[in-house]
Amino acid sequence: MILGVDTSLGTAVGLIGRDGRTLVEVANAEPLGHAEVIGALMEQVLASVGDERIDHVAAGMGPGPFTGLRIGIAAARAFALGRGIPVVAVPSHHAAALAFYEQEAPAQPFAILTDARRRESAVTVYEGLDVDGIPHVVVDTVLVPRAEIDRRLGALRRIEVASLSAAALARVARRALAAGRTLAGSEPLYLRAPDARVPAAPKRVGL
Amino acid sequence: MSAIEPLVLGIETSCDETGIGIVRGRTLLSNAIASSMDEHARYGGVVPEVAARAHLEELQPAIERALAEARVRLEDLDAVAVTSGPGLAGALMVGIGAAKGLAVSLGKPLYAVNHLVGHIAADILTPDSEPLEYPTIALLVSGGHTSLLHVRDLTTDVELLGETMDDAAGEAFDKVARILGLPYPGGPEIDRAALDGDPAAIRFPRGLSRASDLEKHRYDFSFSGLKTAVARWIERAEAAGEPVPVADVAASFREAVVDVLVTKALAACADRGVPRLLLGGGVIANRRLRELTLERAAAAGVTVRIPPLSLCTDNGAMIAVLAAELISSGRPASTLAFGADSTLPVTEIQVAAAGRAAESAVAGIG
Ligand SMILES: [Zn+2]
Numbered sequence: 001m002i003l004g005v006d007t008s009l010g011t012a013v014g015l016i017g018r019d020g021r022t023l024v025e026v027a028n029a030e031p032l033g034h035a036e037v038i039g040a041l042m043e044q045v046l047a048s049v050g051d052e053r054i055d056h057v058a059a060g061m062g063p064g065p066f067t068g069l070r071i072g073i074a075a076a077r078a079f080a081l082g083r084g085i086p087v088v089a090v091p092s093h094h095a096a097a098l099a100f101y102e103q104e105a106p107a108q109p110f111a112i113l114t115d116a117r118r119r120e121s122a123v124t125v126y127e128g129l130d131v132d133g134i135p136h137v138v139v140d141t142v143l144v145p146r147a148e149i150d151r152r153l154g155a156l157r158r159i160e161v162a163s164l165s166a167a168a169l170a171r172v173a174r175r176a177l178a179a180g181r182t183l184a185g186s187e188p189l190y191l192r193a194p195d196a197r198v199p200a201a202p203k204r205v206g207l
Numbered sequence: 001m002s003a004i005e006p007l008v009l010g011i012e013t014s015c016d017e018t019g020i021g022i023v024r025g026r027t028l029l030s031n032a033i034a035s036s037m038d039e040h041a042r043y044g045g046v047v048p049e050v051a052a053r054a055h056l057e058e059l060q061p062a063i064e065r066a067l068a069e070a071r072v073r074l075e076d077l078d079a080v081a082v083t084s085g086p087g088l089a090g091a092l093m094v095g096i097g098a099a100k101g102l103a104v105s106l107g108k109p110l111y112a113v114n115h116l117v118g119h120i121a122a123d124i125l126t127p128d129s130e131p132l133e134y135p136t137i138a139l140l141v142s143g144g145h146t147s148l149l150h151v152r153d154l155t156t157d158v159e160l161l162g163e164t165m166d167d168a169a170g171e172a173f174d175k176v177a178r179i180l181g182l183p184y185p186g187g188p189e190i191d192r193a194a195l196d197g198d199p200a201a202i203r204f205p206r207g208l209s210r211a212s213d214l215e216k217h218r219y220d221f222s223f224s225g226l227k228t229a230v231a232r233w234i235e236r237a238e239a240a241g242e243p244v245p246v247a248d249v250a251a252s253f254r255e256a257v258v259d260v261l262v263t264k265a266l267a268a269c270a271d272r273g274v275p276r277l278l279l280g281g282g283v284i285a286n287r288r289l290r291e292l293t294l295e296r297a298a299a300a301g302v303t304v305r306i307p308p309l310s311l312c313t314d315n316g317a318m319i320a321v322l323a324a325e326l327i328s329s330g331r332p333a334s335t336l337a338f339g340a341d342s343t344l345p346v347t348e349i350q351v352a353a354a355g356r357a358a359e360s361a362v363a364g365i366g
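Note that the protein sequences, when read in sequence, are chains H and B.
Under the UniProt record's numbering, residues 1 to 207 are what the first sequence spells out, in order.
Under the UniProt record's numbering, residues 1 to 366 are what the second sequence spells out, in order.
The set of hints was computed from the structure by calculation and includes no laboratory data.
All residues carry an ideal CB built from backbone N, CA and C; glycine is no exception.
Take these hints with a grain of salt, some might be off.
What the hints assert, rightly or not - Derived lysine to any residue pairs resembling SDA-like cross-links, with alpha carbons at most 20 Å apart:
no.: 1; chain 1: B; residue 1: K108; chain 2: H; residue 2: R119
no.: 2; chain 1: B; residue 1: K108; chain 2: H; residue 2: A40
no.: 3; chain 1: B; residue 1: K108; chain 2: H; residue 2: Q44
no.: 4; chain 1: B; residue 1: K108; chain 2: H; residue 2: L46
no.: 5; chain 1: B; residue 1: K108; chain 2: H; residue 2: G128
no.: 6; chain 1: B; residue 1: K108; chain 2: H; residue 2: T141
no.: 7; chain 1: B; residue 1: K108; chain 2: B; residue 2: D78
Said to hold, decoys possible - Now the stretches of chain H that chain B is said to cover, found in silico as 3 or more residues with beta-carbon under 8 Å:
no.: 8; stretch: 67–75
no.: 9; stretch: 80–91
no.: 10; stretch: 100–108
no.: 11; stretch: 180–191
Sequences and hints are given; from them, build the entire structure.
Here's what the structure looks like:
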């Protein structure tokens, strides 16, 4: 079994079985309050597990608002540490892309869009699944000002996503494990440098 | 769980130190700390987003180090403890996420505790020390807080007497260091610069110390006026074409900070009839602060307790031992619903359930 945890949008926790099917999935759609709900959601998912062992934890690495995003990654890593099992880092957009693909199996490329705050969207363009069954990235994740999306994406099909499936995230992880592939590094997909300026010389206060 | 000497792992991420500590009852087993201070140096102060990013990367290695040093396994723990406030909301939330993930994974109780009360609890872990006697006045001074507390009982009764109205004392050191062209963090730099200085060379103002201020702010602190006074003094000297006596400015500034801290702390001891003073927080590293406290306390008949510096700066062991005390006194675990509370009042020693939605306060960061 693989436990999926993602807080890149709302808070999503899910569990898939050995065959990849969703066993249980819970979510809180609020874009805030991740710290408050993450523990209870994880507990809820565990409560529905029998004696079968969880072998891996899939962590959604974003993109997403940083403060919330980190909560899920921290929880996923600590959970894995507690069980002595590995964490599989998965770009969160892959989960959205797989869920969309499972639903519609589109023949054309499509773009997954999520809110990146500051009047920008995070955009990843996919086309089908690759040989390992993992959504195939055509254009890696970038931030696009919302005002420019029409011009930049043109006729490309847009899938605006406001919540993620943690089970789909776990499924992507399962396929990556089967193929022996690494899909994301250990650092979240921040896409922005921290908001901090190197200070100028001290201001004069005046005599 | 053994209620007498519970084995507790504490997680602290309220500012720029990622702290993981393990205690068995009142015995310190390990105290792993990773600081992101170097990453903040170029900004001249702690940048919340930089701190939060560092916590996420440092947590797991710190937990592993703490376990190895303590020679215990996660399964052996009786409980997990975490700081839920006060502190930087985005930084606190990383620790809370990890604490919840760990507690749920292990099926262990989770205690959400108050960072400031944790600083007081650090005293329990001081090697070879007699148990902390109550009541005591506590002066907590760091880059993030400057608080004066009346502690009647560590687990049930802590009163906030006063705190800073603007900058924390440690922040004042950082800002004045910058004015003097010294690097961050300012505390040790000012200390070094003050070595040959005359603390009485310049009479800088003591914030909130006038009779009119004392009525309303007897135990409160203010350091932003002092910072401005130092800047103004230097500008005046430069305008007059005089060389700036850095050593004297540093020594006189430090004296103003330390004087006001010690004066107010001892006033609280006298007013409350409490002959005990406990120091905590990273600024306790300041030699002059320790010196003047000991000197004046001795004259006032007040006993001073100063934990070792590794327990004064932010750390996870103080969080673990506070939870261990709560467990020993029979307190139930926190529910899983609590969040981060950047302004958690000191009276909330343990957070039982949902806090005030603090995440909204930092929603703009991402
Ligand atoms: Zn502190």
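Q. Tell me, which hint numbers fail for this structure?
A. Numbers 1, 5, 6, 10 - these are the hints that the structure violates, sorted from lowest upward.
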